[in-house]
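Student: Read off the chains here:
Protein chains: 2
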Amino acid sequence: MKYSKATNYALHTMVYLAAVSPDKRLGVQQLAERFDVSPTYLSKILTKLVKAGMIASVSGANGGYKLKPSWEKISFMDVIDAIEGSDSLFDCNLNHQSDCVIQQVMESAEEEMENKLKKQKIADIAKKITVDH
Amino acid sequence: MKYSKATNYALHTMVYLAAVSPDKRLGVQQLAERFDVSPTYLSKILTKLVKAGMIASVSGANGGYKLKPSWEKISFMDVIDAIEGSDSLFDCNLNHQSDCVIQQVMESAEEEMENKLKKQKIADIAKKITVDH
DNA sequence: GTTCGCATACTCGGATAGTGGTTGTCCGAGTTGTGTTGG
DNA sequence: CCAACACAACTCGGACAACCACTATCCGAGTATGCGAAC
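Chains as they are written, first to last, in the UniProt record's numbering: chain A, 1 to 133; chain B, 1 to 133.
In short, the hints are calculated from the structure, not lab data.
No more than 27 Å apart at the CA atoms, straight line, and that leaves these computed lysine-lysine pairs for DSS-like:
no. : chain 1 : residue 1 : chain 2 : residue 2
1   : A       : Lys-48    : B       : Lys-2
2   : B       : Lys-44    : A       : Lys-2
3   : B       : Lys-119   : A       : Lys-116
4   : A       : Lys-121   : B       : Lys-116
5   : A       : Lys-2     : B       : Lys-48
6   : A       : Lys-2     : B       : Lys-116
7   : A       : Lys-116   : B       : Lys-116
8   : B       : Lys-5     : A       : Lys-116
9   : B       : Lys-2     : A       : Lys-118
10  : B       : Lys-119   : A       : Lys-2
11  : B       : Lys-119   : A       : Lys-118
12  : B       : Lys-118   : A       : Lys-118
13  : B       : Lys-2     : A       : Lys-51
14  : B       : Lys-118   : A       : Lys-116
15  : A       : Lys-5     : B       : Lys-5
Model, not experiment: these values are computed from the prediction.
All chains, full assembly: derive it from the sequences and hints.
Tutor: Structure follows, in structure tokens:
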């Protein structure tokens with residue numbers, strides 16, 4: 001089990017947008033070049049972030065992606081949910097009568113991680129960035 | 001991203017072995033029937049637990065699987081590691097100069113979950129089981 | 001009664017295959033900025 | 001000088017393909033148990 005590369009690209013893009021300049025519009029080509037991905041693939045990932053309401057896309061010449069006004073509230077968890085979906089990491093598909101105790105344990109452990117990720121805002125990390133990411 | 005079904009089967013098997021009777025030997029057929037899996041597939045999963053030193057397998061007539069003496073120390077995390085491997089959930093494969101801050105955030109969040117899973121012993125959960133699981 | 005051998009029940013592990021999700025690529029369509037042309 | 005038009009740059013989104021991990025099955029090999037036959 002691993003987080004997908006798409007999640008990685010999404011997180012890096014968000015942090016980069018926040019670090020460089022939250023108002024600046026950046027073309028997918030520049031972003032793709034920076035992260036060494038194909039532009040069309042990155043575009044597909046960013047579309048998910050657009051649908052989740054985190055960034056805005058501008059078509060046409062000089063178009064690109066830009067953070068939306070409410071960007072400072074966005075957490076790591078938000079981005080991950082947008083890409084991976086918000087399903088639980090663990091599903092007990094066995095049909096026992098009662099609620100599955102194992103399921104409960106796994107979910108509560110997962111919550112620990114999610115709480116940490118909800119606290120971590122993209123904006124906080126963007127401040128720490130110097131050149132890269 | 002999801003935990004595999006194999007992990008679910010492994011956890012259920014461990015809890016079941018601990019609940020029924022830690023010394024009792026159970027055939028893979030009974031176990032498979034209980035969890036509604038094919039015996040050969042479950043056997044393949046349990047082999048990983050054997051190699052991790054959690055259970056012992058006995059060949060031949062009246063053979064089966066049994067918990068090893070040290071079973072009470074086994075945590076959820078141990079079982080998950082045995083099945084899924086102990087790699088980090090998140091790998092930043094981008095080559096930036098410095099250490100990736102995003103990677104650090106993800107790893108620390110993951111640790112929160114892992115700590116919880118390390119505290120949860122199979123034996124503790126086995127006590128809560130009545131009939132099923 | 002004891003021992004040997006065989007059938008039986010069982011796990012082990014490699015080979016194999018289906019399936020679904022991830023990772024990409026390709027391309028046509030739509031959109032915006034810019035420059036050019038014609039009045 | 002201004003308006004209309006054409007072109008270039010760019011994103012959008014669907015279709016499609018390669019790849020890999022997960023899931024699962026099959027079967028031959030090895031192993032322990034128990035029963036029966038032979039001495």
